[in-house]
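Heads up: the sequence lines are chains A and B, in that order.
Under UniProt numbering, think of the first position of the first sequence as 1, with each following residue one higher.
Under UniProt numbering, think of the first position of the second sequence as 1, with each following residue one higher.
FYI, nobody ran anything at the bench for these hints, they're computed from the structure.
Please read all numbers here as calculations on a predicted model, not as lab measurements.
Note that beta-carbon positions come from the ideal geometry of N, C-alpha and C, so glycine has one too.
Only part of the chain A face toward chain B is listed, based on derived beta-carbon distances under 7 angstroms:
1) K2
2) S119
3) G142
4) S143
5) R233
6) S235
7) L311
8) N314
9) E318
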Amino acid sequence: MKNFQIIRALSSKSAVSSIAKENSAMFIAGGTNLVDLMKKNVVAPDKLIDINGVDLKKIEFLTGKVSIGALAKNSQVAEDKVIKEKYPLLALALAAGASQQIRHMASVGGNMLQRTRCSYFYNTDMPCNKRVPKSGCGAIGGSNRMHAIFGASDSCIAVHPSDMCIALAALEATVLVEGPKGKREIKFTDFHRLPGNTPEKDNTLLEKEIITSIEIPTNNFTKNIHYLKVRDRSSYAFALVSVAVGLDIQNNTIQDARLAMGGVAHKPWRLTEAEEFLKGKTVSEATFKKAADLAMKGARSYGDNDFKLTLGPNAITEALTIAASK
Amino acid sequence: MSKTSNINRVDGFAKVTGSATYSAEYKTPGITYACLVGSTIAKGTIKSIDTKKAEWAPGVLAVITHLNVDKPAGYEQPKKRENLGQPLQIFKDNTVRYYDQPIALVIADTFERMQYAASLIKAEYLKEEHSTELEKVKDKGKLPGGERAKDYNRGILDGYKNAEVVLEEEYTIPTEVHNPMELANIIAKWDGNKPILYTKSQGVEGTRKSVGNVFGIPAEDVEVHSEYLGGAFGMGLHTWPYEIAALIGSKKIGKPVKLVLHREQMFTNVGFRPYTIQKMGLGATKDGKLTGLTHEALAMTSNYEDFTEATVNMSRFMYDCANVSTKYRIAELDTCTPIWMRGPGEATGSFALESAIDELAHKLDLDPIEFRKRNHAEKDLEQNKPWSSKYLLECYEGGMERIGWKNRKNKPGSVREGEWLVGYGMGTGTFGSFRNPTTVKAKFLANGSLVLQCSVNDMGPGTATMMTAIGAEITGIPTENVIIEMGRSGLPKGPTQGGSATTSSVGSAVHDTCNLLVSKTLGLATENETFKNIPITDLSFANGAISSKKDTKKSVSLVSLLNNNKLEELSVENESKGSEEAKKYSIYSFSVHFVKVLVNPNLGKIRIAHVVSCADIGTVINQKTSAGQMYGGAVGGIGMGLMESLEIDHRFGRAINNNFADYHVPVNADIEKQEVFFVNKKDPISNPMGTKGLGETALVGMAPAIANAVFNATGKRVRDLPITLDKILEPSVAKA
Chain A
1 MKNFQIIRAL
11 SSKSAVSSIA
21 KENSAMFIAG
31 GTNLVDLMKK
41 NVVAPDKLID
51 INGVDLKKIE
61 FLTGKVSIGA
71 LAKNSQVAED
81 KVIKEKYPLL
91 ALALAAGASQ
101 QIRHMASVGG
111 NMLQRTRCSY
121 FYNTDMPCNK
131 RVPKSGCGAI
141 GGSNRMHAIF
151 GASDSCIAVH
161 PSDMCIALAA
171 LEATVLVEGP
181 KGKREIKFTD
191 FHRLPGNTPE
201 KDNTLLEKEI
211 ITSIEIPTNN
221 FTKNIHYLKV
231 RDRSSYAFAL
241 VSVAVGLDIQ
251 NNTIQDARLA
261 MGGVAHKPWR
271 LTEAEEFLKG
281 KTVSEATFKK
291 AADLAMKGAR
301 SYGDNDFKLT
311 LGPNAITEAL
321 TIAASK
Chain B
1 MSKTSNINRV
11 DGFAKVTGSA
21 TYSAEYKTPG
31 ITYACLVGST
41 IAKGTIKSID
51 TKKAEWAPGV
61 LAVITHLNVD
71 KPAGYEQPKK
81 RENLGQPLQI
91 FKDNTVRYYD
101 QPIALVIADT
111 FERMQYAASL
121 IKAEYLKEEH
131 STELEKVKDK
141 GKLPGGERAK
151 DYNRGILDGY
161 KNAEVVLEEE
171 YTIPTEVHNP
181 MELANIIAKW
191 DGNKPILYTK
201 SQGVEGTRKS
211 VGNVFGIPAE
221 DVEVHSEYLG
231 GAFGMGLHTW
241 PYEIAALIGS
251 KKIGKPVKLV
261 LHREQMFTNV
271 GFRPYTIQKM
281 GLGATKDGKL
291 TGLTHEALAM
301 TSNYEDFTEA
311 TVNMSRFMYD
321 CANVSTKYRI
331 AELDTCTPIW
341 MRGPGEATGS
351 FALESAIDEL
361 AHKLDLDPIE
371 FRKRNHAEKD
381 LEQNKPWSSK
391 YLLECYEGGM
401 ERIGWKNRKN
411 KPGSVREGEW
421 LVGYGMGTGT
431 FGSFRNPTTV
441 KAKFLANGSL
451 VLQCSVNDMG
461 PGTATMMTAI
471 GAEITGIPTE
481 NVIIEMGRSG
491 LPKGPTQGGS
501 ATTSSVGSAV
511 HDTCNLLVSK
521 TLGLATENET
531 FKNIPITDLS
541 FANGAISSKK
551 DTKKSVSLVS
561 LLNNNKLEEL
571 SVENESKGSE
581 EAKKYSIYSF
591 SVHFVKVLVN
601 PNLGKIRIAH
611 VVSCADIGTV
621 INQKTSAGQM
631 YGGAVGGIGM
641 GLMESLEIDH
651 RFGRAINNNF
661 ADYHVPVNAD
671 IEKQEVFFVN
681 KKDPISNPMG
691 TKGLGETALV
701 GMAPAIANAV
711 FNATGKRVRD
721 LPITLDKILE
731 PSVAKA
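Bound conformation, chain A alone:
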C-alpha cells in the first residue's frame, strides 16, 4: 500500500469541492471494500476524503416515499422498524449481505459502489479489463463459477455483488447525486451499467459526483415478498444467484409484480418481461415456471457457471412460490 493523505469533509458540498481539486482522490465511508482494494493495490489513491462526518445518515419517511441518506449504515436500514414494515424486501436483502460486523460499517452509498468480487479483478498479476483496460479478461476461459449469465461482453463477465441493490432495483428506487455541476437524479436501474467495451466503469456516476441519498416510492410490496439468496454456504458468501420478489396479490390474482436477480449480471438484473407476464395471472406453479422461463431468455454461460442456467429459473420459481405463500 502506498502512502496517502486523508482529510475529513463535513458537508457534501465541501466533499465535492475537495475532490474536484484532486486527480487521484476517492471518498471513503465505511471502507469495507475500499480498504481491501487498497491493500491489494487494485486502487491506489493519493488522497482519501473521509465523508463519515457529513450529515447523510438519516432515514426520512416522506409523503409517497422514503429517503435514505447515503451514509446510513446497512445494519441501521435493515433494522429500522418502519423500513421492515413498509419496505421489508429491502430489509431482507440487506440482512442477507456480508456479516453483521460489516453491515455495521458499510454505508448505503458504499454498498452501491462496491466493486465486483471477480478473482481476476482482485489479483493484480492477472489480466482484467475492469482493473486495467485492454489487459484481457481472465475469467473468460478461466475460473468463472461466480460469473454473469446476462448482459456480459467479450471484455468482462463480472457480476455486481450487492444484495441491497437487487431489492432497490425491484423497488424502483431513485439515486440522488451531487457533483461539481450540481445535483441530479438517476433511476436506480440506470445507475449500474453493463460492461460493454468499458468494463472499468461500473456505473453512470460522473467523475467527482457523490451519492447523497436514495429514495424509494411507497408501494404495496409489504406482504408477498421474498429475497432468496443461493450461495455456497449459509452466511458470509456472495450470491451465486439471488432473486428479489415483490408481489401484490389480491384474491389470488397478481395485481403487480417486481422481480430482479443478483449474481447474474454486471448490474442488478430486473426481469421486466417476467413481471409483465405475471400481472393479472392467478397464483400457480405453472405461472411461476413460465415466468422463470421468460426471465431466462438470452442467458448464456461460460463453463464453470453453466449450472446457473438451471439454478436461475429454479430460484425464481422458488422465490415466487415462497413470496406468494406468505
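Position chain B relative to chain A; hints supplied.
For chain B alone, kept in the frame of chain A given last:
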C-alpha cells in the same frame, strides 16, 4: 481420572483475554518488519529483478534476492528429495518452481514502509511450460520411498474382480489448505552464530534440527520459542522458506526481523492437503461378505521434494477381507510441497473407501452399517496382530441411536421433511495411536506447587490442560497449583505435535515422571523424624502431604518437608517410551461420523441438520477439550465434504481463490445440531492412562459420511469433492 476429567482449559483465560503471547507478538527491542515478494509465473527463471526503487524507498533496511543473498552453509550439502528431505532453498538461484514462490525479502523500519517498498519490486522472467494439473500427469506417477508406501498385497492380486458383486469407481479430492486463523509468523534474531526463533511450529525439536541443517550448525545451538499457536492443522510440521528468509534477513542487517505471511501466501507457501485421485475396486458375495478390495491412489507432490501420506493404508486393515491390494503413487507438479493436514492420508483415503463401501452396500441392498458389521475386522489382518482394544461396534450403536438411524430408508429420496429431501449417512474413521519417546521434568516447589516442563507445543488441543490433569491426578496437587512450562527449546525434549500422539506420549511421560517424583518425595520423607522406622511402602502422598498409611495422624506437608530439608525444589527428569508388550498389538483409534442432511433438489442446497461423531479413543482425559477437538475436526470434515477446494487457473498455474472470501470453510449457520459421543473405555495396552489418539480421527470419515447422506437423500453419488450445489442440480436447460 475422575476429579480432573472436566477441568477448564488452563490457558483459556490467557487466550480469550489476549494475554497469551503468540510468536509475532513478543516485544523485541529494535524489531524490523519484513515480507516476501512472490513470483508471478509458475515455472521458469528470473531474467532480471529490479530492486533499486525498493532499496531507495524510505525506511528500507535491506532487499534480499538470489543475487545478493549470503547463502546458508547447509545449502551446499547434498539432500535427498524423499520424505520432505529437500525443502525449497530460498534465494538459492534464479529458478522459479511454483507461482508465488518467494523471490525477494524486503526489510524496513516500519510495517507500512516495508509494504510499500515491496510493491516497487519488479521481476522479468523466462517462462517455461508449467504443469499444475494432476489429471494431466496421471501416467507420471512414481513409487515413493519408504516402507509404508510400498505396494501391498494380501491374497489374490485384485481379487475383487472375481466376486459375485463388483464395484469399480474413481474418487477425487481437490487441494485443501490448512489456513489456521493465526498466520504463519516469525520473529528471527541471532545471538552471535546462534539463531533465535519465535515461530509457529508444531515441533520445537524438529524446527531446531531443520534450521540447524540449513545453517550448518548443531540443533542444540538453535533456540526456538513456540508457546502458543492459533491453530496449525499440520502446516506447522515443516520448516518453511519464510522462516529461513527471516533468519537470513536478520543475520544480514544484525537486527531482529518480524515476518508475518499475508493470508494469500498461506494458500501458496506453507503446504496443503494434496489433490489426490483414487481408484477403488470392491467385490462381495451376494449376501454381503467382502471378498476383495483394491485401493490405488495418485497424489501430487512438488517438483523438488517428495511428500507422502498413508492414503491407501486404512484399506488394508479396516475390514475383514481376504484379498486386499493397495498402490500409492505420487506425481510432480509445479507447486509448493504439500504437508500433512488434519487426518493426513486417512482423511483422503476414507473418502474413497467409505464412499465405496456405501456404494457396494447399496448395490447389495444392505443397510451400510449392517454391511460393515458383516465385515467387521476382529483383528488387524495387515499386521496379523490383535487389536489392543476396539470399540467400533459401540460407536455404530451410539451413533445410530443419536442420529435416529431407524428413520433412514435404503432407497434414496424416499424420506421428506416438507420440501426437503432427507438423507442419512455415515463414514468410519481410524488413525494409528502412536507413542513417541518424551522427556518430562516434574518438580515440587517449596510453596507446594508442581511444575511440569517439556518442550512439546500446544497448538490448541489442550496439551497443557491434559498435562495439568494428569500431573494433578498422580500427585494430588490441586490443578490450580500446577504450572506448565512448554513450547520452547531448553526444556526436556518433547515430541512433535502431530499424528494424534501427544497425549499418549507426553501424558504418559507426565504420568511416569510424576510417579517417580512422588517416590522420590516419599524417599526423602523416610528420613524425616515423623516417619522414623516407617518403611517407604507404608507411606502415601495425597493432598499435598505425606502420611503414614497405618497411622494417618503421622503426616508432614510437602511444603514443610522441602523447608525442613532447605530445598527450593525437588525434581525428577525422566524419559518415557512405549513398552515392548505394546509392539505385540495393533493400536488404533476409531471414529464414526453420522450425518443427517436436508437437500433442496431445486436449488441443490445441502443443509447439515444433525451431526453425531462417535469415537473410541480409549480413556478420555478431559471431556471438554476432547469434545472441543471432536467438534472442530468434524467441522473441518464438513468443510472438506461441502466447500473446500483450492482452485487453480491452470493457464497461469496460479491459485485463484486465495482468500477467505472465496475459499469457503463452514460457518455456524451451516451446521444446525452437532453432538459428540465417546465410548471412553480404557485401552489396556497403549500406555499407562489407556488413551488412544483423537485429533486426526475427529476429521477422518466425515467427508464420506456427507457424500453418503447426500446420496441417500437424492440418489446422486458425488465422487469428486467438494459437494457443491451445482453437482446436485439436474440440468434442465441446455448450455448456450
